[in-house]
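> This is what each chain is made of:
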Amino acid sequence: MLKTYTYPKYAYRTPPEIASGKVLKLPVVVVGAGPVGLGMALDLDLQGIPVVLLDEDDTVSIGSRGVCYAKRALEILDRYGVGDAVCAKGVSWNVGRTFFRESEVYNFNLVPEPDHHRPGMVNLQQYYLEEYLVTQAASRPGIDLRWTNKVVSVAQAASGVALKVETPDGMYTVEADWLIAADGARSPIRRMLGLEVEGKIFMDRFLIADVVMKADFPAERWFWFDPPFHPNQSVLLHKQTDSVFRIDFQLGWDADPEEEKKPENVLPRIRAMLGDEREFELEWVSVYTFQCRRMGRFNHGRVLFVGDAAHQVSPFGARGANSGLQDADNLGWKLKLVVDGKAPASLLDSYSEERVYAADENLMNSTRSTDFITPKSRASRTFRNAALGLAKDHAFGRALVNSGRLSVPSYLVASSLNTPDEDSFAGRMLPGAPMDDAPIEQDGIPGWLLQSTGNRFQMMVFVDDPATVDVAALSALDCDGIRVEPLIISRRAVSADSLACIYDVRGVTYQRYDARPGTAYLIRPDQHVAARWRGVDAAKLRAAVARACGRS
Amino acid sequence: MVLNLNPNLSEAGKRYFNAYSPGDDFYELLIGAHRDLSDEQSELLNARLILLLANHIGDIGTLREALAVAREGV
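Going down the list, the protein sequences come from chains A and B. The opening residue of the first sequence carries number 1 in my numbering; numbering runs sequentially from there. The opening residue of the second sequence carries number 1001 in my numbering; numbering runs sequentially from there.
To be clear, the hints were calculated from the coordinates, so they are not data collected in a lab. Think of the CB as a built atom: it goes at the ideal place given N, C-alpha and C, for glycine as much as any other residue. Each hint should be verified, as a subset may be incorrect.
[Claimed, not checked] In the EDC-like style, the derived pairs of lysine to aspartate or glutamate whose C-alpha atoms are separated by at most 20 Å in a straight line are:
(1) K376(A) <-> E1040(B)
(2) K540(A) <-> D480(A)
(3) K376(A) <-> D1059(B)
(4) K392(A) <-> D1024(B)
(5) K376(A) <-> D1039(B)
[Unchecked claim] Far from chain B, some chain A residues (derived; all Cβ distances over 10 Å):
(6) T4
(7) N109
(8) P231
(9) G296
(10) D340
(11) F396
(12) A472
Next up, chain A with everything else stripped away, as it sits in the complex (with noise of 0.2 Å):
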């Protein structure tokens, strides 16, 4: 087979316990350095809490795996430090075709919509985004990633926790205050402690191929229902970076994995499907069955579950990885304000809460898209059938058409967080929200609103002129020991003195946030709104901070 990627191979170290025979008591461990548990050393860095990850293997994840980020996603890498390398390596694309037995029905484009740094998806083999993530957790301090270090016991007492881990020097034992479970669908951690996920199996297999295309190939998705090449299935075909196209082919339940895995069962299938003599080779195959189940909450006294060993989903929508990275910024800052004691641990329930409701989202939408793609009954196939036959002229038919919806973030509408709107304003920027992003300039650079926000709590407070602004009462903005930034979005180009003023060159944050000069946004630090007003009243911020952070 042929390789397009190194599998970069990571070095073990010694772990200190096991160097100076002493028991460290650690603020939070995170097991597993996969996408999300990486996300979530660099969140917690970020918010200055030094964090060690476990991690079983010595290398990235084989095989594309995960493909697609969308734009949520990608938000949360740039405040990680990676989006910039993501989207550099990542492929673009926006038309998508559907074809249904022998036909194209229709095809689409996202022409994203203007105005927000970030496109609405790239797609990129999982290991590019890992190696960047381990990269950057590597520069960092604070992250002490250990390879090769494979948890195999966990005890919870109310205090804090104790794993003990198994390295190539032998055993040793690690005590935490806290333990972020970031080791995926088969959750080891989860398993340990005796924790129930539940939902359901879907009777099905994919079988999935990484093909290098030696041909120019369009940068499109195609989605088959029902092909002459592959009958009564579906098959999914995406662009991924350096010329890899990833290729999902439903096999049914009867099919054997081990069998079908076999390149000469597989060349076959692909050749059918290209329909010519475009030169290809196979880099990758593999068969997987899914389910769509979640925990019934993610934490756990002193145990904090994030992505896939807190929820799975299927994958006709991309809501895994993208998921999982929105856990660990949720969880992130709401554990920082508990480890200062500046929030009280119930905090921690929010994080559950409001990943549920994602999560219960996602599964939602997921599982329909999964109904729709292999109907589970003659009926639901006639109906299905009806819609891809309507959806090629009509196009309320084409809005039927469920070949896997673009993964979207959770608007959090009913999180005990948000403080309830007292004054009116349109838009979608309601409390629960995650922001939308806008062009800006400060101090003469052009920017993105997204990039001044982040990591903290802010005010943004919307102004004509920034001369007007009363600085001393903005910089005063403490809650109780909770310090709230201010962010003056101003309509004319002025720098306001010692606070950050950002110029609204284009109009278009007044326009997302429906602002008239006065109006205030509580922004939490994993950039949703928690509160907003048509004016500054310090009793009101004050409440809706302690509000924010779980204090009432």
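Could you slot chain B onto chain A? The hints should help.
Frame of chain A; chain B shown alone:
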């Protein structure tokens, strides 16, 4: 009344953040209504549903148009 062939589904009081959500909501309801039915029962359900919706639409001109569009693809 002219037959509307553009996406037209929504639920009163519900706020949608994605264009695909109302159509997916309906499709799930529709497939859910058929759960655990035999093929024959499903056919009967579909027939009853068409009769109910036809009566609700009321305008026979619209129904004639819908029948023609439906028939084209069969």
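> Are the hints correct? Go through all of them and say.
Going through the hints against the structure:
1. K376(A) <-> E1040(B): Measuring from Cα to Cα gives roughly 16 Å; hence the hint holds.
2. K540(A) <-> D480(A): This hinted pair holds, its Cα atoms lying about 13 Å apart.
3. K376(A) <-> D1059(B): 35 Å, violated
4. K392(A) <-> D1024(B): Holds, at roughly 18 Å.
5. K376(A) <-> D1039(B): With a Cα-Cα distance of about 12 Å, the restraint between K376(A) and D1039(B) holds, given a limit of 20 Å.
6. T4: Holds, since 34 Å exceeds 10 Å.
7. N109: Given a closest Cβ separation of 14 Å, the condition holds.
8. P231: 20 Å, holds
9. G296: It holds; G296(A) is separated from chain B by about 23 Å at its closest Cβ, greater than 10 Å.
10. D340: Given that every Cβ of chain B is farther than 10 Å from that of D340(A), nearest at about 34 Å, it holds.
11. F396: About 5 Å separates F396(A) from the closest Cβ of chain B, which leaves it inside 10 Å; violated.
12. A472: Given a closest Cβ separation of 39 Å, the condition holds.
The structure is inconsistent with the numbered hints 3 and 11, although it conforms to all the rest.
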